[in-house]
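K.L.:
Chain order of the listed sequences is A and B.
Okay, so the first sequence: first residue is 0 according to numbering that gives the first Met the number 0, each after it adds one.
Okay, so the second sequence: first residue is 0 according to numbering that gives the first Met the number 0, each after it adds one.
Derived by calculation from the structure, the hints in this document are not laboratory data.
Hints are not guaranteed to be accurate.
What the hints assert, rightly or not - DSSO-like, lysine-lysine: derived pairs with alpha carbons at most 27 Å apart:
| # | chain 1 | residue 1 | chain 2 | residue 2 |
| --- | --- | --- | --- | --- |
| 1 | B | K282 | B | K315 |
| 2 | A | K416 | B | K75 |
| 3 | A | K184 | A | K273 |
| 4 | A | K211 | A | K193 |
| 5 | B | K420 | A | K457 |
| 6 | B | K339 | B | K153 |
| 7 | A | K457 | B | K98 |
| 8 | A | K457 | B | K153 |
| 9 | A | K116 | A | K104 |
| 10 | A | K67 | A | K211 |
| 11 | B | K339 | B | K297 |
| 12 | B | K282 | B | K212 |
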Amino acid sequence: MRKINMFCWSILILGANLFMPINIVLAGTNTSPLKSIAVQAEGRVKPYDTLAREALAMIYGKSTFEKKPAYEIMFTMMLAPETWGEREIFEIQHVGVKEALRFPKEKKYFSINEIMKTDRLPLLMQDLSARRESKEKLDPYFQALQRLENQIWTFKAITAGQWMALWPPKEGSKWLSLDVADKDKQEIFVALTKSFLTALTAPSDADGSLLKKDLQTKVDDLVASAKNENPSLYPTQQLMDLEVHYNELNPFRWAWIIYLIAVLIFVVSWLSGKPQYFKAVWVFTLLGLIMHSYGFGLRMYLTERPPVSNMFETVVWVSWGAVLFALLLEKIYKFGVTLLAGPLVAVFCLILTDMAPSILDPTLQPLEPVLRSNFWLTVHVLTITISYSAFFIAFVLGDLGLYYVIKGESQWQDRIKAIVAGIYRSFQIGIVLLAAGIILGGVWADYSWGRFWGWDPKETWALIALLGYLAVLHGRINGIIRDFGMIVSGVVTFSLVIMAWYGVNYVLGAGLHSYGFGAGGVEYVSAFIFAHLVYVLVAYIIRKGRISAS
Amino acid sequence: MNKKSILKRLASLNLAVFIILSLAVISAVGTIYEARFDAEVASQIVYRSVWMYIVLGLLTINLTAVMIDRWPWKTKHVGFVLAHIGIIILLVGGIITQKWGIDGSMYFEIGTSSRWVTVSERELSVYSTFDGNSFTSLFHRDVNFLKSPAKDNKISIPVMDGTIDVIDSMDFAQFSERIVASQDPLDGSGVRFQLYNNQLNELQWMVQSRKGKTAVSEFGPLRLVFGDSSAITSEMNHLFLEPINNSDLRYAVYKKEEPKPVQAGVLRDGEEIDLPWMGLKFKVLRYLASAHREWDVKKVERPSPMSTSAALIQYKDQKQWAQLNDIVRFFTPAGAYIVKYGQRRVDIGEEIFLKNFSVGRYQGTQRAMAYESVVEVPGLGEQLISMNEPLKFNGYTFYQASFQESPRTGTPTASILSVNKDPGRAIKYLGSLFIVLGIIHLFWFKQKQKKK
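Let the sequences and hints guide you as you build the complete structure.
P.N.:
This is the structure we're talking about:
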């Protein structure tokens with residue numbers, strides 16, 4: 000049965016190829032009805048648009064290729080795999096992997112033919128499976144190999160028609176993909192592909208709306224046939240459209256752009272000494288926060304859970320919290336500077352999430368079994384991570400404070416006082432939330448695993464961060480730490496938060512013996528911390544020189 | 000120095016800052032140990048080290064002293080006292096948990112019962128036997144080779160005709176099995192074979208546990224039977240092998256639902272036959288009329304799921320490595336000594352029966368969504384244990400921790416529950432509550448004070 004269908008599928012592919020002119024002129028928007036077709040992949044039903052974006056991100060590392068959208072690229076890859084044979088679309092970043100494959104180090108993208116041709120590949124894949132069997136942690140090299148394996152596997156699944164699981168089963172939960180669907184269903188799909196190719200290759204003066212309409216009817220046919228199989232498993236069109244909307248809108252990108260405007264206005268008014276612009280900063284920050292919250296809400300609605308289960312989601316959440324705290328602090332105390340710190344944190348964080356999808360995975364994923372207790376997960380993770388928001392504000396304020404210290408403490412007395420007060424408040428908020436969050440984590444661990452405290456690195460580092468900030472506050476009472484000390488602490492102590500938040504997952508998690516290669520951004524984060532330590536040192540030396548001079 | 004100045008010193012903020020930073024440093028070192036080795040090592044070497052106890056002791060003194068120093072307390076001290084007493088209460092709860100709590104795991108296969116909880120503490124026992132049926136306990140002691148390796152602290156156990164000594168230990172040892180020819184006529188036969196076609200290539204040993212016993216192994220629709228032909232059924236395809244003498248094996252090939260062999264003959268080392276399925280070939284690589292399993296031990300740097308702790312046991316001129324939760328035997332003319340190195344087991348008082356275990360998967364994938372054990376508990380009847388839904392029974396709490404599945408079919412075969420008894424729980428919760436309320440009050444009060 001399966002063999003016969005595979006055969007049909009190959010014939011279908013061949014037919015499609017005859018249809019395809021050698022030079023494809025991608026026509027763009029005419030093919031968009033494809034996007035919201037429901038497919039099942041990785042434990043979730045999602046629109047085809049999402050599937051294509053994820054596959055292209057896996058293969059190419061970006062959501063578009065040569066300015067063409069993922070859903071078109073991946074569709075043509077499925078219909079005419081051999082036209083992609085020589086295209087350099089497979090991203091290999093890890094230098095070690097490139098060396099092992101005897102590929103040129105300076106090249107970033109490779110073609111599938113090039114990869115499959117090397118006799119080194121089977122050896123490397125054997126290494127990888129041996130490594131997996133030994134059950135040792137995969138270091139960045141093996142992680143990179145694993146990605147390569149996934150890339151090849153995805154490409155093969157696409158070309159074999161196993162990639163799009165379009166029809167819900169009458170029984171069970173595994174949707175049927177093209178290669179195992181019966182002939183009627185395949186024919187419906189063939190009709191769709193023909194319509195797609197017509198639209199795709201139409202000359203620029205053709206009637207776009209007509210082509211789109213035809214494709215829409217073919218998509219409707221397919222959706223109807225799929226829904227007919229098992230209506231109870233098929234998602235609503237609105238849900239699929241909503242996810243496509245989330246993909247297309249990219250709300251977090253809009254949010255950082257709006258926040259950036261707020262930051263720029265602030266800087267202008269701060270430098271020119273015209274506080275009347277502050278209203279505009281408020282407006283833009285609030286607008287950014289609305290967009291930020293909207294994206295967050297969409298994500299929560301689509302995943303049906305609070306979105307704090309991976310690094311991407313916590314970065315988004317922390318930046319959201321930072322803006323919120325900044326606005327609250329500004330409203331209550333009118334420090335001025337906090338209004339800058341909040342949006343600045345958000346701009347920084349959201350740009351990170353936007354620029355580094357391979358490190359901060361933006362895809363919507365189902366939860367691990369142990370995390371499927373929504374209430375406790377929500378409460379404890381939200382509490383801990385939002386404490387990082389407060390510390391992040393203190394960190395940015397610390398940076399600003401150092402700037403004024405370097406400029407001259409005596410002239411900028413007022414600003415420094417405001418900054419230190421802001422840092423102190425942020426520390427307090429952060430400490431309350433972090434302490435409560437750690438304890439709630441203990442309650443959750445006790446409830447799910449039977450131990451309140453197990454010295455797990457994640458919880459231990461959260462504790463270390465808490466201890467760090469507590470030491471600072473005790474030092475402050477004692478008088479060891481004064482204003483300059485607070486500014487320095489705001490910056491330096493945040494390293495502990497970075498370790499608890501990022502380091503445990505990306506440095507300790509990958510095994511201490513194997514970092515420094517760079518899969519996962521360790522070198523950037525280390526450089527970031529190092530640069531700040533240098534900044535602190537410079538401020539310290541300048542300040543010291545000034546004091547001894549006077 | 001008068002009393003007052005000693006108190007001042009013990010209550011000082013400088014000491015507090017020093018203690019907080021020490022705690023942070025020790026904890027950080029612990030996480031590095033955990034990443035490099037595992038949680039058990041980090042716990043033994045760092046979190047339960049003398050240094051940790053000293054710092055926690057100092058912390059308690061410091062906290063107590065600072066509260067005495069502020070006496071008599073006023074309203075403004077509420078937050079300060081709550082937060083600091085909370086920490087002491089939390090530490091007390093922690094000590095109670097460590098001293099009297101039980102944190103272990105329970106393993107059972109589906110359809111079996113258990114009443115034993117395995118905890119992480121290890122013990123060494125020696126028994127003697129004359130007939131293999133009755134055992135006399137000669138020695139029993141807790142051991143911790145991680146903290147005190149056997150090399151530095153040799154254990155010598157006097158027995159009737161000399162001593163049994165633990166002379167070496169490995170924290171992370173990898174055992175690999177080796178099959179060697181044996182002189183013992185009671186040992187069963189062994190055969191190393193290759194089963195292959197253009198897709199499959201299996202190299203394996205089949206060894207009879209004793210002379211006359213049958214060994215069976217399955218490869219998809221094909222079953223290999225080495226020993227007695229009564230193990231052959233009509234439901235599967237069979238390759239039957241039987242030792243004839245020191246160099247020859249008889250073989251017979253049975254197709255499913257056919258009572259008579261379709262092929263039969265004699266095989267020797269290096270000879271191969273074609274099987275009537277998917278172009279499979281069967282080749283005898285090595286045949287041993289009497290075979291014996293031996294363990295090779297290799298020391299590894301870091302623990303992995305394949306490594307285990309091991310102790311080298313010596314009796315007279317015999318030396319054997321005992322891996323954790325295994326026994327070694329030393330035979331004497333009169334009988335045998337049995338040395339057991341294993342994790343301590345705690346009896347929970349009643350038997351629990353594992354009726355079923357299932358894994359829920361995310362739609363259309365092998366990705367696990369939920370684990371569930373159905374158990375039968377005396378007095379409570381049938382109960383469901385799943386992730387985040389533990390069972391309370393006999394003062395213990397049972398949590399779904401893990402499971403095992405058959406490597407071939409992927410269906411679950413056994414469930415692992417984490418079993419826990421924590422007499423310090425309520426105290427720790429109380430301490431936690433005090434801490435949080437204390438910190439909130441502390442900051443809130445300060446703020447009010449400042450506004451004034």
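K.L.:
Taking the earlier hints as the rules, which of them does this structure contradict?
P.N.:
Hints 1, 3, 8 contradicted; others consistent.
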